[in-house]
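Undergrad: Sequence:
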Amino acid sequence: KFCFFVDGVDEYKGDPAEIVRILEDFTTSPDVKVILSSRPWTEIESALVPSLDQKLLLQDFTKDDIRRYIQDLLVKDDRFQRVRENDERYEGLVEQILSKAQGVFLWVFLAVRELLKGLTHKDTMLYLEKRLKSIPPDLDRFFKRILDTIEGVYHSQTSQIFQICLAATKPLSLLTFSFLEDEEKNPDYAIEAAISPWTNDNMKANCGDIETRVKARCRDFLEITPNSDMAYLEIQEDDGGSLVREPRLSMPVFWVDFLHRTVRDCFLGDDMQTLLRNWIEAPFNPHIALCRSFVMQMKIIQPTRDHGMSLDPPFFDLVEDFLYHSRETEDRYSPIEATLIEEVDRLGIHHYGYRRE
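So for the sequence shown, our numbering puts the first residue at 1; every next one is plus one.
Don't read these hints as lab results, they were simulated from the structure. Note that the structure is predicted; figures quoted are calculated from it, not measured. Every residue, glycine too, gets a C-beta built ideally from N, C-alpha and C. Warning: the hint list may mix true and false statements.
No farther apart than 30 Å at their CA atoms in a straight line, the calculated lysine-lysine pairs in the DSS-like style are these [unchecked claim]:
#1 Lys-76 / Lys-130
#2 Lys-55 / Lys-100
#3 Lys-76 / Lys-13
#4 Lys-13 / Lys-170
#5 Lys-76 / Lys-100
#6 Lys-117 / Lys-100
Across the chosen pairs, the derived CB separations fall in these ranges [unchecked claim]:
#7 Asn-186 / Gln-102: 43 to 53 Å
#8 Cys-3 / Phe-316: 37 to 47 Å
#9 Glu-24 / Lys-170: 37 to 47 Å
#10 Pro-197 / Ser-156: 50 to 60 Å
#11 Pro-197 / Pro-137: 46 to 56 Å
#12 Arg-332 / Lys-133: 38 to 48 Å
#13 Glu-24 / Ser-156: 39 to 49 Å
#14 Gly-208 / Asp-60: 40 to 50 Å
#15 Lys-1 / Pro-40: 21 to 31 Å
#16 Cys-3 / Glu-95: 32 to 42 Å
#17 Lys-170 / Pro-137: 31 to 41 Å
Hey, can you work out the whole structure from these sequences and the hints?
TA: Structure below.
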């Protein structure tokens, strides 16, 4: 006997009738059970859900959690409390959010963020309701609406940032996006730059500026989060004693990643891929852009002294990432420039020599 779990049936790219026929064929066997998830499309429900007792609605199970989230983030906000004192319609606003959400937490997160923005602009309850009504009920149209707020002058760099995040296999350091303008002006910037570790003040000022720029260009689609644990390296003392924490960098590490897997999936779709290509002014290879950024980061991070290892872990992480994306460049585009590989080799020798001094 077999049980198949099929997620996102509504995301099938072909004719809905085709996927319906395939799933129907599965269910003809008494030894096969199918549990599927889908948006409530008529062609899917009518064919595959013969009775109501065989259907579970997501919102029935997430409603209480979503209500608590709205209460914690919106209703308890001091600005909302002040509006609430003068208008008793606040409870109706919560119910409207619950109704439009249809059990989708990401939609609620974005909608609440939109309402908090309205509170910043001193919106009354009347205008909060208008703002909520203007929000599309499905994520795809909601995403398009957010994209429409990005200024045209940023479109090219917005496309680059999204393409870089899509090419990455893990969250990226905020420093990765520090060199986008250098990439546009001179593709050889990483090779030509001198080895010059940044000071703590340099690092903080740069990350503050880049955070502002990424937010302006990518709005709510990307999340920037600090991870202070990654800013330290645990070292075993020479006598075999306890571990000590030594700074990996002179400040906390900030990571950039998509707000949610659904956002990433949306940008991988055909429509979004077409939009990203249209927004950029010239062909763009995100993997080679990452390789150049990693080389540049190798030149600005502050190495630590030797602790019995050949390379500093932050430096080694950058080398690993460089090798992965150089391979992706060769697989997807063309062979990577030999000068970049030679530069990484030179930096490794330099870095190793510093740690042995």
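Undergrad: If a hint holds in the structure, say so; if it doesn't, say that too.
TA: Going down the list of hints, with the structure as the test:
1. Lys-76 / Lys-130: holds (21 Å)
2. Lys-55 / Lys-100: holds (20 Å)
3. Lys-76 / Lys-13: violated (42 Å)
4. Lys-13 / Lys-170: holds (27 Å)
5. Lys-76 / Lys-100: With a Cα-Cα distance of about 21 Å, the restraint between Lys-76 and Lys-100 holds, given a limit of 30 Å.
6. Lys-117 / Lys-100: Since the Cα atoms of Lys-117 and Lys-100 sit roughly 19 Å apart, the hinted pair holds (cutoff 30 Å).
7. Asn-186 / Gln-102: 43 to 53 Å: holds (49 Å)
8. Cys-3 / Phe-316: 37 to 47 Å: Check passed, 44 Å falls within 37 to 47 Å.
9. Glu-24 / Lys-170: 37 to 47 Å: Cβ of Glu-24 to Cβ of Lys-170: about 39 Å, so the range 37 to 47 Å holds.
10. Pro-197 / Ser-156: 50 to 60 Å: violated (30 Å)
11. Pro-197 / Pro-137: 46 to 56 Å: Given about 51 Å between the Cβ atoms, the range holds.
12. Arg-332 / Lys-133: 38 to 48 Å: holds (44 Å)
13. Glu-24 / Ser-156: 39 to 49 Å: Since the Cβ atoms of Glu-24 and Ser-156 sit about 47 Å apart, the hinted range of 39 to 49 Å holds.
14. Gly-208 / Asp-60: 40 to 50 Å: holds (44 Å)
15. Lys-1 / Pro-40: 21 to 31 Å: Distance hint for Lys-1, Pro-40 holds at roughly 29 Å.
16. Cys-3 / Glu-95: 32 to 42 Å: holds (37 Å)
17. Lys-170 / Pro-137: 31 to 41 Å: Holds, at about 32 Å.
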